[in-house]
Each structure stands twice: as C-alpha cells, then as structure tokens.
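A.B. asks: For the protein sequence lines, the chains are A and B, in the order given.
Counting along the first sequence from 1, when you hit position 38 you're at 38 in my numbering, and nothing is skipped either side.
Counting along the second sequence from 1, when you hit position 74 you're at 188 in my numbering, and nothing is skipped either side.
Please note: incorrect hints may appear among the correct ones.
Pairs of lysine-lysine, BS3-like flavour, derived with a Cα cap of 25 Å [said to hold, decoys possible]:
| hint | chain 1 | residue 1 | chain 2 | residue 2 |
| --- | --- | --- | --- | --- |
| 1 | B | K215 | A | K58 |
| 2 | A | K69 | B | K215 |
| 3 | A | K58 | B | K209 |
| 4 | A | K69 | A | K49 |
| 5 | A | K71 | A | K106 |
| 6 | B | K215 | A | K106 |
| 7 | A | K58 | A | K106 |
| 8 | A | K58 | A | K69 |
| 9 | A | K58 | A | K71 |
| 10 | A | K106 | A | K69 |
| 11 | A | K61 | B | K215 |
| 12 | A | K49 | B | K215 |
| 13 | A | K61 | A | K106 |
| 14 | A | K49 | A | K61 |
| 15 | A | K49 | A | K106 |
| 16 | A | K49 | B | K209 |
| 17 | A | K71 | A | K49 |
Read the hints as simulated data drawn from the structure, not as lab findings.
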Amino acid sequence: AQSVSQHNHHVILSEAASLELGCNYSYGGTVNLFWYVQYPGQHLQLLLKYFSGDPLVKGIKGFEAEFIKSKFSFNLRKPSVQWSDTAEYFCAVNVHGRDDKIIFGKGTRLHILP
Amino acid sequence: DAGVTQSPTHLIKTRGQQVTLRCSPKSGHDTVSWYQQALGQGPQFIFQYYEEEERQRGNFPDRFSGHQFPNYSSELNVNALLLGDSALYLCASLKHQANEKLFFGSGTQLSVL
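Let's have the full structure, built from the sequences with the hints guiding it.
C.D. replies: Next comes the structure, spelled out in structure tokens:
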C-alpha cells in the first residue's frame, strides 16, 4: 500500500527565508506526485504535480519540487517565502496511470512571520 | 464556470444520527471522490464514484455509503454517527481518464456531539 510521510508538522519562517518541506513516499511502482496547499478558510488547491519527464517541477506562486526516485522523495522548495504563503501544505501520491484514490500526507503547517 | 460545490458548509449532529452530504462536481467532470479530513490530519480517501457505481473504497466502515446520480452529482451518507466522525468532508471531481488534476470543494464541516 502507498503511504506518504511529511517530516515537518509545523514550520515557522521569516519573510524572504528559503523554504524546503520534506516528503517521502512508499510504493514500488510508478507514481504521480502532488503538492496541495490549503490557505486559511479556503479549499485545497494544487500547487504542482509530477507525472513524468523532468524531475524538477515548477508550480504556481514560485514553488518548485524535485522528484528523486532513488530516495522516494518529492521535496517542495521556494527560494524566498512571503507572508501570504502561510498555509498548510500536503504532499500526495497516487498510482501512475490511475485517477482513483490519492494518498495524502498529514500536512505541514507553514507560518510566515512578517 | 462553477467549481466543485458542497452543501451544507457546516452541520451539527448528535451521536447515533444519520447525515447526508451533497456534492456537485465541476462542469465537465464525471468522477467524484470523497475524503475525510480530521483535525491535524491530511485528507483520507473514503470512496470514488464513476458511472453511478462505487469504483474504489478506502478503509472506512459500511456506515459510510454513497451515491452518484445521472447528472454526476453525489451524496455521502454516514449512519450511526460517532464522535470520531467529526471532520471536514471534502468532495473532489475530475474527468475520467483525462489525466487532469483533481478539483476540490471547500468541504462540509461535520461536528458530532
């Protein structure tokens, strides 16, 4: 069975700091990988996704993630965070080629200090 | 173009009661999935409906059931509510086999007292 592990439950950074949120998954086959964001009071939104091809994926709002197959990792990065990035971030995985269930990590709550 | 809409937004029930949550998928989508997001947790997959049938199911008891209508909208029913069923229930939709992203609704916050 697939599972997703997010290393940091709560991260606090100052504006302009660099961000890296860790995500590891367990599944022996080919996977699709996602990062979702949930801003306070809003619904889940897709930040970026990896299906195949270039393992460095660029998403919205300056976020990017790198798929490292050998490490089963898909870490989220942003060079310089803003106060508006305060939100909860979820890493997720599903089996490549299927559009059924997506397995989510427990989430990382990011708090940016102005 | 309406996204995924869910109703109601908030609901308070007592233990033992039954509840029905509703979801209308994004226009053009035919597949609906339901997720439960407990406080401090990531969303957990409950089940998925396509062509009015349950296609996939997560690790949830039979108290959780669903339905999909010909217009692709869906209902989630939970019987014999427990305190632990208190959570945000999310509906998500996509177009079957179109390799597109999943669109989520804002959820229904269910509180069981």
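A.B. asks: Now tell me, hint by hint, if it's right for this structure.
C.D. replies: Okay, the hints, checked on the actual structure:
1. B/K215 / A/K58: With Cα atoms ~15 Å apart, B/K215 and A/K58 stay inside 25 Å; holds.
2. A/K69 / B/K215: Holds. A/K69 to B/K215 sits at ~22 Å (cutoff 25 Å).
3. A/K58 / B/K209: OK: A/K58 and B/K209 at ~24 Å, within 25 Å.
4. A/K69 / A/K49: holds, 15 Å
5. A/K71 / A/K106: holds, 19 Å
6. B/K215 / A/K106: Holds. B/K215 to A/K106 sits at ~20 Å (cutoff 25 Å).
7. A/K58 / A/K106: Roughly 23 Å between the alpha carbons, so the hint for A/K58 and A/K106 holds.
8. A/K58 / A/K69: holds, 17 Å
9. A/K58 / A/K71: holds, 20 Å
10. A/K106 / A/K69: Roughly 21 Å between the alpha carbons, so the hint for A/K106 and A/K69 holds.
11. A/K61 / B/K215: Cα-Cα ~17 Å, so holds.
12. A/K49 / B/K215: holds, 8 Å
13. A/K61 / A/K106: Given pair A/K61, A/K106 holds - Cα atoms ~22 Å apart, limit 25 Å.
14. A/K49 / A/K61: OK: A/K49 and A/K61 at ~14 Å, within 25 Å.
15. A/K49 / A/K106: holds, 18 Å
16. A/K49 / B/K209: holds, 17 Å
17. A/K71 / A/K49: holds, 18 Å
Comparing the model with each earlier hint shows no violations; every hint is respected.
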